[in-house]
Amino acid sequence: MDEEQRFLREAVSLARSNMENGGRPFGAVVVKDSVVIATGVNEMARTGDPTSHAELNALRAAAKALQSLRLEGCTVYASGQPCPMCLAAMRMAGINEISYAHSNTQAEPYGLSTSAIYAELAKPVTEQAMRFRHVPLEVQDAVPLYAEWQKRQQTS
2 MDEEQRFLRE AVSLARSNME NGGRPFGAVV VKDSVVIATG VNEMARTGDP
52 TSHAELNALR AAAKALQSLR LEGCTVYASG QPCPMCLAAM RMAGINEISY
102 AHSNTQAEPY GLSTSAIYAE LAKPVTEQAM RFRHVPLEVQ DAVPLYAEWQ
152 KRQQTS
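So the sequence shown is residues 2 to 157, counted in my numbering.
Hints are not guaranteed to be accurate.
[Stated by the list, open to error] Just the calculated beta-carbon pair ranges, DEER-fashion: (1) R61 with M131: 41 to 47 Å; (2) A62 with M2: 20 to 26 Å; (3) D50 with L122: 19 to 25 Å; (4) M86 with D3: 28 to 34 Å; (5) G112 with R17: 38 to 44 Å.
Just so you know, the hints here were simulated from the structure itself, not pulled from any lab data. All C-beta atoms, glycine included, are put in the ideal place defined by N, C-alpha and C.
I would like the entire structure built from these sequences, with the hints used as guidance.
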């Protein structure tokens with residue numbers, strides 16, 4: 002069995018164990034240099050947190066284990082096709098390789114697909130169902146928020 006298959010099987014095993022514990026069927030493994038750095042399962046039901054997806058929990062654990070916000074050189078192996086939120090988080094963390102065992106097409110009959118969200122996000126912002134508004138705030142005599150952040154970074 003090759004490495005990709007091995008890590009995908011581990012992600013699916015995590016998903017099955019999570020189901021046995023009342024969770025949703027999702028597991029994820031973060032690997033760097035052929036070594037498992039972290040794992041995660043979907044904990045939405047247990048935590049009441051809609052962002053507690055397997056991939057995000059694995060990313061959080063990997064960042065902690067590596068003591069870095071950047072996870073370049075890591076690969077995520079997931080039991081299911083990552084949702085747009087997880088995909089965005091992986092991109093922001095520097096992940097550039099993802100493998101998954103079950104597609105959105107396979108998940109669709111069970112109400113577990115995120116294809117509709119992907120389709121919605123592919124539309125221009127002005128055509129999406131969610132309302133987006135940029136409302137600039139004019140604050141007299143205040144340092145702009147991002148300029149203040151940059152200044153703090155330079156002095157720390």
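The hints, checked one at a time:
Take R61 and M131: their Cβ atoms lie about 25 Å apart, and the range 41 to 47 Å is violated. Remark: the range hint 20 to 26 Å for A62 to M2 is upheld by a beta-carbon distance near 25 Å. A C-beta distance of roughly 21 Å is found between D50 and L122, which places it inside the suggested range of 19 to 25 Å. Under the hint 28 to 34 Å, the C-beta atoms of M86 and D3, about 29 Å apart, fit the expected range.
Restraint check, G112 to R17: a C-beta distance of roughly 18 Å breaks the suggested window 38 to 44 Å.
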